[in-house]
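**Q** If you're matching them up, the sequences are chains A and B in order.
According to this note's numbering, the first sequence holds residues 1 to 329 in order.
According to this note's numbering, the second sequence holds residues 1001 to 1329 in order.
If you're looking for bench data, these hints aren't it; they were derived computationally from the structure.
Backbone N, C-alpha and C fix where the C-beta goes; we use that ideal spot for every residue, glycine too.
Check the hints yourself; a few may be wrong.
[To be verified] Computed list of lysine-lysine pairs in DSS-like fashion (alpha-carbon distance at most 27 angstroms, straight line): (1) A/K282 to B/K1246; (2) A/K238 to A/K204; (3) B/K1028 to B/K1140; (4) B/K1029 to A/K275; (5) A/K275 to B/K1028; (6) B/K1198 to A/K198; (7) B/K1246 to A/K246.
[Claimed, not checked] Okay, the calculated beta carbon distance ranges per label pair: (8) A/Q206 to B/G1108: 50 to 56 angstroms; (9) B/K1223 to A/E205: 24 to 30 angstroms; (10) B/I1002 to A/L220: 17 to 23 angstroms; (11) B/P1024 to A/P241: 43 to 49 angstroms.
Number of protein chains: 2
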Amino acid sequence: MIKLMQESSRYVSDMVEGLALAFPDRLKKLEGNVITRSDGPVKGKAGLVSGGGSGHEPAHAGYVGDGMLDAAVFGEVFTSPVPDLILEGIKAADSGEGVLLIVKNYSGDVINFDMAKELAEMEGIHVEMAVVNDDVSIEKTEDRRGVAGTVLVHKIAGAAAAAGKPLSEVKAIAEKVISRVRTIGMALSPCYMPESGKPGFELKEQEMEIGIGIHGERGLERKPVAPAADITAELLGKLLPETAQKEVALMVNGMGGTPLSELYIAYKYAAEHLKEAGYTIKKGYAGNYMTALEMHGFSITLLPVDEELLTYLKAPASTAGFHEMEEGI
Amino acid sequence: MIKLMQESSRYVSDMVEGLALAFPDRLKKLEGNVITRSDGPVKGKAGLVSGGGSGHEPAHAGYVGDGMLDAAVFGEVFTSPVPDLILEGIKAADSGEGVLLIVKNYSGDVINFDMAKELAEMEGIHVEMAVVNDDVSIEKTEDRRGVAGTVLVHKIAGAAAAAGKPLSEVKAIAEKVISRVRTIGMALSPCYMPESGKPGFELKEQEMEIGIGIHGERGLERKPVAPAADITAELLGKLLPETAQKEVALMVNGMGGTPLSELYIAYKYAAEHLKEAGYTIKKGYAGNYMTALEMHGFSITLLPVDEELLTYLKAPASTAGFHEMEEGI
């Protein structure tokens, strides 16, 4: 597998520079691989910071901007950023109202973001942390990984912060989303590490892997490739037992190498399956939101919504990777 | 190569249904594979219609919405839609102010859109047509294909129409963009037809193809894969001789299977090369805008801009595949 890159050791730094160059009105690159809003910190607003290993673009820097995050911190590919770098992101995001860290549940990320939280608190910044664990392919809740559902946490917590809610309330609504949101993914092909060129796992032609992670982790099960309706039924079969409430947001998320046409096809069958099972889709998403380099595959995320969550989902947002405009514009 | 799909004969119709299901507030599917604005036709506004073969998502239906297109018409994969279907798109887009057809320069598309224009005129609808031919990998201008530059035609003509310009002026500004915009692409891997599973061309590992089309067409030249800076320099070497004016919009467009991280890396080297050559980037784009199924590769588009074009590029737009918000929102 060959990549468009200059050299593997510069994969992340080149990518971060390119992102900042492509969106100069909106994004600013700090020393090191940290991206902030060019107009931040926003006075009077609780700050939101996310990040983690790279390779998940547009997550997380693509969500920096109005209505979502204030800063994103990049580690190397699939590697947690160090606490000092996260601290820089926190400082850039804090306008005096404190900062919420939105962290995916991987031990390296949780440890490093927690250390950065302590460092920031020693400097007098109020920091809270919310850990996303939406991947149902892991049985034990405490071991569940943070995957595409993280983007909906960014969106809803970001909208609450933009609406002027204090840090405590922004954290509470992030926790509310985390308690509800569930995801499971599959792949038709693995991703390849820039440095080694090695795949995360090997798949034969005509095989697929169910329950994969977003770092090349193998899944629960390997089986022959099936038609889209069978795949979406299988994935939803793992999500619906944890989704009692019938009004949901549905996200069909591509893994980086999946064309939109296939995501729209998957969306159709997921939506039809949900309808037949008595669910109502209050808000839908189909696109590449939380990827694993060039992996070909997708995940389905379900978020049971109420009026509060739906209002925040539909609030305006303008970022490189996500947009939501006011109705009627 | 395996795809996420139900069956190849339903690839396009399933995809169109999925798109309409994912964006029910904004998009409406007509009988046949036509997508229109759910609130269209917009009173008092010249209508914009585009389309062509499928497989280029988000082009063109992803650009239906505020500030861009009013309708998009899908043929089967890489196959022009028939005139009757295009006529349905024209009717849905016309509010009485007439309709501009934005067509990529392929003989099938040009013939079929032209026939639809005649049919619509027999029904009393004023129709104009603009043919995009931005691909410099073909030497003779009249044979040049329409590729990613088409999206900038959608954006600028769409903004002019949204600003209330009459059809004649909308067409004139589309022609102004077409006279200036230039694109060239490359691929690290081909795309595969849903029906046959066959690739458009064969590439060995470590080979790349320069000057490819967006339908699996082979390129000008095959050579060993090079570092990103060399590739962007080679592509820009073919664009700059046709780009005398120094203020440009730069689009780095993914071919469908290219992760954003690689597009940002390509953007960085393209931007640096342009700067060294004395160009100023007034507006930048990096993303998947005009794709070829799951092809791994990218194209570079340059559009020399003046105040008028830049104002329309920066005007608000809200569609599934493209967004541009007013500054400060």
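**Q** If a hint holds in the structure, say so; if it does not, say that too.
**A** Do the hints match the structure? See the list:
no.	hint	in the structure
1	A/K282 to B/K1246	violated (47 angstroms)
2	A/K238 to A/K204	holds (24 angstroms)
3	B/K1028 to B/K1140	violated (39 angstroms)
4	B/K1029 to A/K275	holds (19 angstroms)
5	A/K275 to B/K1028	holds (19 angstroms)
6	B/K1198 to A/K198	holds (26 angstroms)
7	B/K1246 to A/K246	violated (56 angstroms)
8	A/Q206 to B/G1108: 50 to 56 angstroms	violated (33 angstroms)
9	B/K1223 to A/E205: 24 to 30 angstroms	holds (27 angstroms)
10	B/I1002 to A/L220: 17 to 23 angstroms	holds (19 angstroms)
11	B/P1024 to A/P241: 43 to 49 angstroms	violated (27 angstroms)
Comparing the model with each earlier hint shows violations of hints 1, 3, 7, 8 and 11; every other hint is respected.
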